[in-house]
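Chains as they are written, first to last, in the working numbering: chain W, 10 to 537; chain C, 81 to 388; chain X, 45 to 341.
These are calculated hints, taken from the structure and not from any lab test. Owing to the predicted nature of the structure, the values given are computational and were not obtained by experimental measurement. Accuracy of the hints is not assured; some may be wrong.
Derived pair list, reagent style SDA-like, types lysine to any residue, alpha-carbon separation capped at 25 Å [said to hold, decoys possible]: (1) K205/W x G105/X; (2) K83/W x K283/W; (3) K430/W x T380/W; (4) K368/W x P143/C; (5) K156/W x L186/X; (6) K404/W x Y306/W; (7) K83/W x K103/W; (8) K191/X x Y356/C; (9) K238/W x E50/W; (10) K191/X x G266/W; (11) K338/W x Y306/W; (12) K153/C x A184/X; (13) K473/W x K158/W; (14) K166/W x P115/W; (15) K205/W x R86/X; (16) K338/W x L291/W; (17) K205/W x Q118/X; (18) K125/X x V145/X; (19) K163/W x F201/W; (20) K205/W x H101/X; (21) K233/W x K456/W; (22) K191/X x P143/C; (23) K178/W x P157/W; (24) K283/W x R155/C; (25) K205/W x E50/W; (26) K158/W x L91/X; (27) K156/W x L91/X; (28) K191/X x R115/C; (29) K205/W x V253/X; (30) K157/C x Q118/X; (31) K456/W x V348/W; (32) K373/W x G357/W; (33) K191/X x A265/W; (34) K178/W x V48/X.
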Amino acid sequence: MKVKGMLVGVVAVAMAASVSACGGGGGSDSKSKTFTFANIEPEHLIPGNTNDAYGLNVETALFDTLMALDASGKPVPQDAASVESPDQKVWTIKIKPGLTFHNGEPVTAQSFADAWNATADATNGWGNNYYLSTIEGYDDLNPESGKPKTHTLKGLKVVDPQTLQVTLKQPFSQLPYVLAFIGTAPMPKAAFTDLKAYEQKPIGNGPFMMDGSWEHNRQIKTKKYDGYKGPRPAKSAGVVFKTYASRDAAYTDLRAGNVDFDTQIPAAKVPEAKRFLGDRFLSVPSGTMDFLEFPLYDPAFKNPDLRKAISMAIDRQAIVNAVYNGTFKPTGSLLAPIVPGYRATACGEACTYNPQAAKQLFDKAGGFKGTMHLMFSNADPTYEQWMTDVANQLKQNLGISNITFDKVQASDYIGRLIDHKGTGPYRSNWTMDYPSPEDYLTPRCSKPSRSGYDGTACEALIMKANAAKTPQEAQQYYQQAEDLVLKDMPLTPLWNWQDQAGHSSHIGGVHADPYVTTLVHLDQVTVK
Amino acid sequence: MSETTEVAATAQTGAVVSGASASLWGDAWRDLCRRVTFWVAVVILAFMGLLAAFPSLFTSAGPNGGCDVRQAKLRPKSWNPFAGGDHPFGTDTHGCDYWAQIVHGTRAPIIVGLLVTGIALVLAITLGSLSGYYGRLLDALLSRITDVFFGLPLLLGALVILTAFPSHGVLTESFVLGLLWWPTMTRLMRGQVLSVRDADYVQAARLLGARDPRIVVRHILPNAVAPVFVYGMLNVGVVIGYEATLDYLGVGLQYPTVSWGLQLSQAQEIFTDFPYLLIYPALFLTATVLSFLLLGDAVRDALDPKLR
Amino acid sequence: MVPVLIGTTLLIYLAVFALPGDPIRALGGDKPMPPAVYASLRHHYHLDQPLIVQYGHYLWGLVHGDFGETLNGQSVGDVMKTDWAVTARLGVTAWIFELVVGIALGVWAGRRKGGVVDTLVLSGTTLVIAVPTFVLAYCAQLIFGLKLGWFPTAGTDDGWPYSYLLPGIVLGSASLAYIARLTRTSLVENFRADYVRTAVAKGLTRRRVLVRHTLRNSLIPVVTYLGVDLGHLMAGAIVIEGIFNLPGIGGQIFTAIQIKDGPTVVGIATLLVLVYLFANLVVDLLYGVLDPRIRYE
Numbered sequence: 010m011k012v013k014g015m016l017v018g019v020v021a022v023a024m025a026a027s028v029s030a031c032g033g034g035g036g037s038d039s040k041s042k043t044f045t046f047a048n049i050e051p052e053h054l055i056p057g058n059t060n061d062a063y064g065l066n067v068e069t070a071l072f073d074t075l076m077a078l079d080a081s082g083k084p085v086p087q088d089a090a091s092v093e094s095p096d097q098k099v100w101t102i103k104i105k106p107g108l109t110f111h112n113g114e115p116v117t118a119q120s121f122a123d124a125w126n127a128t129a130d131a132t133n134g135w136g137n138n139y140y141l142s143t144i145e146g147y148d149d150l151n152p153e154s155g156k157p158k159t160h161t162l163k164g165l166k167v168v169d170p171q172t173l174q175v176t177l178k179q180p181f182s183q184l185p186y187v188l189a190f191i192g193t194a195p196m197p198k199a200a201f202t203d204l205k206a207y208e209q210k211p212i213g214n215g216p217f218m219m220d221g222s223w224e225h226n227r228q229i230k231t232k233k234y235d236g237y238k239g240p241r242p243a244k245s246a247g248v249v250f251k252t253y254a255s256r257d258a259a260y261t262d263l264r265a266g267n268v269d270f271d272t273q274i275p276a277a278k279v280p281e282a283k284r285f286l287g288d289r290f291l292s293v294p295s296g297t298m299d300f301l302e303f304p305l306y307d308p309a310f311k312n313p314d315l316r317k318a319i320s321m322a323i324d325r326q327a328i329v330n331a332v333y334n335g336t337f338k339p340t341g342s343l344l345a346p347i348v349p350g351y352r353a354t355a356c357g358e359a360c361t362y363n364p365q366a367a368k369q370l371f372d373k374a375g376g377f378k379g380t381m382h383l384m385f386s387n388a389d390p391t392y393e394q395w396m397t398d399v400a401n402q403l404k405q406n407l408g409i410s411n412i413t414f415d416k417v418q419a420s421d422y423i424g425r426l427i428d429h430k431g432t433g434p435y436r437s438n439w440t441m442d443y444p445s446p447e448d449y450l451t452p453r454c455s456k457p458s459r460s461g462y463d464g465t466a467c468e469a470l471i472m473k474a475n476a477a478k479t480p481q482e483a484q485q486y487y488q489q490a491e492d493l494v495l496k497d498m499p500l501t502p503l504w505n506w507q508d509q510a511g512h513s514s515h516i517g518g519v520h521a522d523p524y525v526t527t528l529v530h531l532d533q534v535t536v537k
Numbered sequence: 081m082s083e084t085t086e087v088a089a090t091a092q093t094g095a096v097v098s099g100a101s102a103s104l105w106g107d108a109w110r111d112l113c114r115r116v117t118f119w120v121a122v123v124i125l126a127f128m129g130l131l132a133a134f135p136s137l138f139t140s141a142g143p144n145g146g147c148d149v150r151q152a153k154l155r156p157k158s159w160n161p162f163a164g165g166d167h168p169f170g171t172d173t174h175g176c177d178y179w180a181q182i183v184h185g186t187r188a189p190i191i192v193g194l195l196v197t198g199i200a201l202v203l204a205i206t207l208g209s210l211s212g213y214y215g216r217l218l219d220a221l222l223s224r225i226t227d228v229f230f231g232l233p234l235l236l237g238a239l240v241i242l243t244a245f246p247s248h249g250v251l252t253e254s255f256v257l258g259l260l261w262w263p264t265m266t267r268l269m270r271g272q273v274l275s276v277r278d279a280d281y282v283q284a285a286r287l288l289g290a291r292d293p294r295i296v297v298r299h300i301l302p303n304a305v306a307p308v309f310v311y312g313m314l315n316v317g318v319v320i321g322y323e324a325t326l327d328y329l330g331v332g333l334q335y336p337t338v339s340w341g342l343q344l345s346q347a348q349e350i351f352t353d354f355p356y357l358l359i360y361p362a363l364f365l366t367a368t369v370l371s372f373l374l375l376g377d378a379v380r381d382a383l384d385p386k387l388r
Numbered sequence: 045m046v047p048v049l050i051g052t053t054l055l056i057y058l059a060v061f062a063l064p065g066d067p068i069r070a071l072g073g074d075k076p077m078p079p080a081v082y083a084s085l086r087h088h089y090h091l092d093q094p095l096i097v098q099y100g101h102y103l104w105g106l107v108h109g110d111f112g113e114t115l116n117g118q119s120v121g122d123v124m125k126t127d128w129a130v131t132a133r134l135g136v137t138a139w140i141f142e143l144v145v146g147i148a149l150g151v152w153a154g155r156r157k158g159g160v161v162d163t164l165v166l167s168g169t170t171l172v173i174a175v176p177t178f179v180l181a182y183c184a185q186l187i188f189g190l191k192l193g194w195f196p197t198a199g200t201d202d203g204w205p206y207s208y209l210l211p212g213i214v215l216g217s218a219s220l221a222y223i224a225r226l227t228r229t230s231l232v233e234n235f236r237a238d239y240v241r242t243a244v245a246k247g248l249t250r251r252r253v254l255v256r257h258t259l260r261n262s263l264i265p266v267v268t269y270l271g272v273d274l275g276h277l278m279a280g281a282i283v284i285e286g287i288f289n290l291p292g293i294g295g296q297i298f299t300a301i302q303i304k305d306g307p308t309v310v311g312i313a314t315l316l317v318l319v320y321l322f323a324n325l326v327v328d329l330l331y332g333v334l335d336p337r338i339r340y341e
């Protein structure tokens, strides 16, 4: 017995000692003026390859773009001195002199050209590839079949170190908005010698620089870049992006006082958060929206009256109250409220809850036979929750008795929709790339459309808007396009997300801004 | 590797009985009737069985019926459910009457538990007997296969398969879980058959000219099956718990099926503010699982002559 | 052992790669992915080749110690290296807790069979087994973490062992229940044995009998159980790591399954299987040490 006991004891202690020896924990630095920001593990940290919010959060600190968005969502020059075009097709971008990357390399037109060429090149397979699809020469880098024969965009011309000339395939008045998107940030020459190593320790041109490498699933430490000459210098000594496995875990730490910022408080925790944060709780309107989209390639959904009836049978406010604690806002427009040109009444009666009218329209359209499948992905448990409420409402208000769910694996979901394998009305979502109606309307109208909608007419209107000489004229055309889509209703808007954020009492200088990914300007945050 | 459960440890030495099989089971039944835990378990399970089989006796609403989202998350008026009022257990996150949902949520976990155990038992008894009795190649092959399944943590296997499976009905889930669950029981059965195979009475039967199937069915099975049967009873409870975990992870059952596991999964985000959403299904689930465990315990103790 | 390893990993590989789902297209999220980009990524991960060729690539890489690349381009080996330590610490905490407390409870209950302690232990352990682990975890986090503040609620900030205590205890609780019951039952059985009667007749104190004779024999079923237990711990880790925000391989594999990141799933699963087989090997050897009736060549 003694031998056995000793054996067990020795093994246990040895294992314990060995595992505790490797790596250590460690909170954030409290002596210097750094603060912590709750994040989830990013997928990538190269701007051209980042389209997840968590990677974008970090890049907002590390990189500066040519343009930035002001408090009303309009693009204003940041690293650019000016961005101009006589015809919305050929743009001349002048870059401010004297700006440097974190390794001292100067920020030049070539830095932008290098980054954009790499992003547009299909060989790299980067996620933000299609943002550059408006630039001439894009199709050569993204051939239908075979490998690209060239790796630079024809439409990009470095005139001199401070001047970049961009020629587009067609007039596109919204280009300055795209230039404000972090995915278009410049990259230093040092990046291209070893991209894999670069991604672990990105060298950017923003007010913060990497302090150490990317510590996967733990944190990403940044410190103030002292050589920063751009327009938004950091007011703190650095920001540490603490990585959490889930939003719930991040919120638990915020409650415990272990993290300074949480911009993703789960809806379920909001009542409690409001209580304990008081005026340190922020609700920031977001550009993200949920829709219920219909598979128009399925003959059962061909009748627009049926689609309108379903839209009118859904009590959006009640669902938002039950599932999202009233934090989201029901909407009747295809655009988010923070987008210029938004009209709250765009959809009107077709998006307003009216069970009696819905039933009448439903009967007029001939009802629905058989089983209705509601489709959504398993990426978030709230999708199933509100789909359940939608199902219950369709049952009660329209009398559709057979409703089942198709809960699709997240990795499979988009693929199925693109392949037109939607089995019934499905959840559709849009996160804003830039605050322009074009960003929201193009995916609905361009071909091939996911829902099978023929958007020829509205695409023509969008083209007119893209070529418009004044923002007002553009807005008019965009609104006409939106009206057209809402009339046909291949999809119905449900609600607009609001981001729920909270911060600790150790930091100041917090101003909410819906146009920046991190919801607050990290460079303006001060540490008490 | 030898058997890993205490059931096997005790039953292996205690289950070999010669002669009429009635004496062991008869004695066991009398012993059972004297145990309080047995009756407690039986009463609870009978109640759950009623809920599962005849839900309309207990509530007028259908599954997911009469749900009004505007009435979501109404707390129950008091902890005493008989105090009257529309919603004795309050309403859930979709505005459905929670008592009705819990009643309807009884059927799915119990069916999954029974089906999975049933499938595993059938596989185990068949394969375990064949493997233990005939030995050699069949036994070696089966042992290797069960080894492979043993090397794979059950939850992992269930996660991978269920995540990719398009349908999430009770039958699909039971089928997948049953496929993953059979190794332990088969091992157990095989071990039992092995210990009984060389007993005197089996030799005698063989000498008297009895053929293999008769030997296996009439002599080996009745004496070997007791601990496997007990393990099966305990197992129903374990499967029900597992099913709840799979629902929690989001790969188990889904609408329009109603189950306690789904209710727990919905409650976990907000239970700090609405603890009743977690407590009621947890109570029912625990009571059911507990009853199966107590039942299995009682039967095992009753069957074990050494613990008298 | 080797055929089992190959069999299990092949099974997992087939399950992950043969089942439907396209992880590449999902990388683009809601934004369009041009066909050329899609083709390029598929080629990079060998997904445009037949399944058997893919498996061949994977095995070839394994031989070189390369577990492949995750969907984000990181090395699976690197991912596992950093996360493995967390899960190992969690597992060891759970294991020590369940062993020490489980055996102690089992002995205590077994010595006073039929008494109050025995009934309490039996009913307590049955109750713990009956409640699903994730329910226990949430309640523990709420009561002992948030309300009472005895333990950190989540994360690894407090390092070893403080951050791992509560999650480890919850993780080990079900196994503790089994171990306590196993110990108790087998102790009770052994007390009836002839050699115990002889020892008591010879005049040895009950305590000496317990410690020198019965305990060692009673622990045999426990030791055998420990091999299987590791499997339970690894599976339970998936749930516990999520709830307590511990960045271990349990949470990693769960996410990887959801997004169908094949290399990560297979890599971590292979590692788990290896650990499991190794632990059972150790158990078999210990078994031989404990029970002199069993000797291996």
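Violations among the numbered hints, reported as their numbers in ascending order: Of the numbered hints given earlier, those the structure breaks are 2, 5, 9, 11, 13, 18, 21, 22, 28, 29, 30 and 34, listed in rising order.
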